[in-house]
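Residue-level listing of the chains:
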Amino acid sequence: MRHDASSPATSRGAYLVAWLLASVLLAFILLPLLDLAVNQTRAGLARVAGSMDALDAVRLSVEGAGLATLAAALFGVPLAYGLARNEFRAKGLVSALVDIPLAVPHTVAGIALLFVFGRQGIVGAPASALGIQFWGTLAGIVVAMLFVSVPYTVNAARIGFEAVDPRLERVARTLGLGPWAVLARVTLPLAWRGIMTGLTLTFARAIGEFGAVVILVYYPMTAPVKIYELFIRYGLDEATALSLVLLAVSLALFILLRYFAYGRRRNLGAGR
Amino acid sequence: MNATRAMAMAAILLLAGAALAPPAHAEETKLTIFAAGTLAVPFRTIDRAFEAKNANVAVQPQFGGSVKMAKQITELHMPADILAVADYNVIPKYLFGANGKPRLADWYVGFARNAITFVYTPKSKFASEIDAKNWYKILARRGVEIGRSDPDTDPSGYQTVQMLALAAKYYHAPGLASSVLANAPLKNMRDTETSLIAALQLGQIDYLAIYRSDALQHRLKFLDLPSEINLSDPTHAAFYKTGIAHTKNGALEGKPIVYALTIPSVAPHPALAAKYIAYLLGPEGRKVLAADGFGTFEPAYAVGTKVPAAIHGLTAPWPSS
Amino acid sequence: MSAPILALEKVSLSLGAFALKGIDLALASGEILTLMGPNGAGKSVLLETVAGFHALAAGSIAIGGADMARVPPERRHVGFIFQNFGLFPHMSVAENVAIGLARRGRAGGIASEVGELLERFGLAALADRDPADLSPGEKQRTALARCLATRPALFLLDEPFSAIDARTSDALRAELKAFLIESRIPALFVTHDIRDVAALGDRAAVMRAGALVQIGVPDALFRRPASRFVAEFLGVENLLAARTLGRAGAGHWFEVAGRALHVAEAEDDPGPAPLLSVRAGDVRILSPSDVSHARPGLNRLSGIVARLAPDGPLTRVTLDCGFDLVAYALSRSIGELGLDPGAAATVEIDARDVHVIAESRI
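Protein chains in written order, with the working numbering: chain A, 1 to 272; chain B, 273 to 593; chain C, 594 to 955.
Note that these hints are calculated values from the structure, not bench results. Be aware that one or more of the hints could be misleading.
To be verified - Footprint (simulated), chain A over chain C, 3 or more residues, beta carbon under 8 Å:
#1 735-744
#2 754-760
#3 822-836
#4 912-918
As the list claims (entries may be wrong) - DMTMM-like mimics (lysine to aspartate or glutamate), calculated; alpha carbons at most 25 Å apart, straight line:
#5 B:Lys373 / A:Glu87
#6 A:Lys91 / A:Asp35
#7 C:Lys770 / C:Glu830
#8 B:Lys459 / A:Glu63
#9 B:Lys520 / A:Glu169
#10 B:Lys365 / A:Asp237
#11 B:Lys559 / B:Glu323
#12 B:Lys520 / A:Asp237
#13 C:Lys614 / A:Asp35
#14 B:Lys459 / A:Asp53
#15 B:Lys459 / A:Glu87
#16 B:Lys373 / A:Asp35
#17 B:Lys302 / B:Asp319
All C-beta atoms, glycine included, are put in the ideal place defined by N, C-alpha and C.
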């Protein structure tokens, strides 16, 4: 922040207050996690890191969250574009609908999904005739994760698209680019950061989901379910050990995603 | 007002508001109870009745898997006045100081009985055919989906396995347990059985291994299995012992399903807790439990010598088997 | 005249708050048409429609003689330039210029064609620059080079200078005009700025509420506005409510607040109460020492100086001749013309410089 020469006391005061509040928030996030790490015994960590079961659970969580994020990209990004570019009567309703999964308690979401994707559900029944099941399978994990995390993609991608001047898209058309080429060469590159932010949030939310997933899928166990099981069977030490492994893996993936969003792009216009 | 002042004022107001917010009902005593999920319905009724009889007392129960509730006390150090579990073994196993862990309780009282059974709905496969005699053949049929809880973490999980082992002996059908369990694979398992009730009602599973009390509370059809196998009667304890469940925690012998409770040494309000337990063990408490499908003991069975005076009179020593 | 490059016939459509109502327009090769109008008149909508972004409810658009009814924007060969030139912020100058070339599928030849365009527009040194770092002039040249790469038949410009300061936009306007003349590509230029009309336009048009209310050479619009709206919009200073007295040879006599005015226009029936439009620049203030008599064809009016409003080298003089009449005088001549507030003054208006807006068209 630059200091306003005309009124040094005001802006420096504001700067300090802002810094104070920001530090409180960062501490709020970091302290519980640091506490977890500091109280962790090496033995517990070694036992978990060496356990195939525990590592399988982490792998399953990453796989499920990855697939859920891909699904969010495939279905959520076009919806975001539609909401950004069109005006229609039901727009407010659709936007609210997109946000609903954020407000639904996780267990309720799980039961609602079971209703639709279960053995006798309106999607589950025909799907199982085609050999696709959601109960106790990776597909079920992905469905539960997607439901609770897709709003983040839609909302962030929508903001990304809204920041792209539609006149730029029109100019691109007059230069000879068809609608798909305009999307690929003008719209998406300019909205890229918003979209990637949304996808990162979706991935983060998906990988940590417990309540909705556990209604549909207990075995095979995702990491949050395994952590819970370790707590019941052994105790705090083993549960926190796996939590730390999950956190470390998640952190590494977030950093990767951020690099992918911001790192290689040379010229991104607004916000460069 | 410039920006700095505005922000500083907002921050101060926020912190002050949080600090000075008047505590709700300062004079009320809160009684914290950790209890097994299947006790939710009767306990809530008893809580309200107890509050009505005792002014300025707020009973705050929490329900969940028995082992989870015990570990909330032993691992997470959460304060509780009463711990009530679905398997009386949970209390000595986790709170009596085994394996060098701290000793957090000295006694427990068995206060209710239950039975393991299977519940189903009219849409369940072969629902019109099944009865207390042919159940094990029907449950073994192909295409029948059976749900149960995880034997590694939940009492009803290993109790189900023990019951099936006993049934194999009772009906002289050696392959009974494995053929029924073949229809209850890992994908149909959950951490506690109550999570599967929604799955049963939605038709994802046809039969669910659960307690008789849950069957009555949720108004689900259930099988009236013989008391020799359904772990409901302490007089069959010797036979129950021969039903073994092999879990990740070792081989567990069948025991009668007796709900037990104790007052942990870390209880904030032990005297009030004893008063509550006295009420629970008394005629009104027993009436509520019976109405919700539990069997009761009169008197209740106590283990340990340090049972509080208020309760002692209502109990008798646990019969040795 | 050779076939028009752009031909709009009765173009009509409705788009929420905006509409186009029966627009007829034609642009010949090399012609620049400036399009003016208040906000909401539909100017941008018209450009977008010509470019192919809105479906017509009625009428037709032809570019280069071909009907554009089912032709999407990417195949219409129009160059579109909007405010601040619309360069793609995530691409370099060279990439911007090249973007229209790929589709013509000559991968090897693109680099050389881009190079030629950059050279021609003096952008070679800026090839790898970020558009945000360019001056307005450089942006304009990049935008033009980019358009030219696709060999457009027509340019559509939507207020490209509106966010640029006056001095810079003067320079840009000159460059743009030179470019358009040299390339012989016709252009439709939407503007708010009257300076664009005078400097650029071979013809000008005024739009209001979706319709074209007047189109013609700029002079015709200023000297002979078709309606009160056009006159006011173009800033004609004197609009006088008149009463028709009668014909007089090739023209008419009118009465304005008790004064008689002779107008030489052979207009169709002005009606009993038309509007007379006189540009302040056509009102000549006579020096007090001028004692000549009024010659035929010249209207003389006397009045009192009501207000003086100096504006740099010119002073706007408002006279009370029984009605308000605005004229301009050189600020340095105010003294020698004896133009003090309250002083008497005489003005002369050529009968050919008064335009009649018939009552039916007010």
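| query | What hint numbers does the structure not satisfy? | reply | 2, 3, 4, 5, 6, 7, 9, 13, 15
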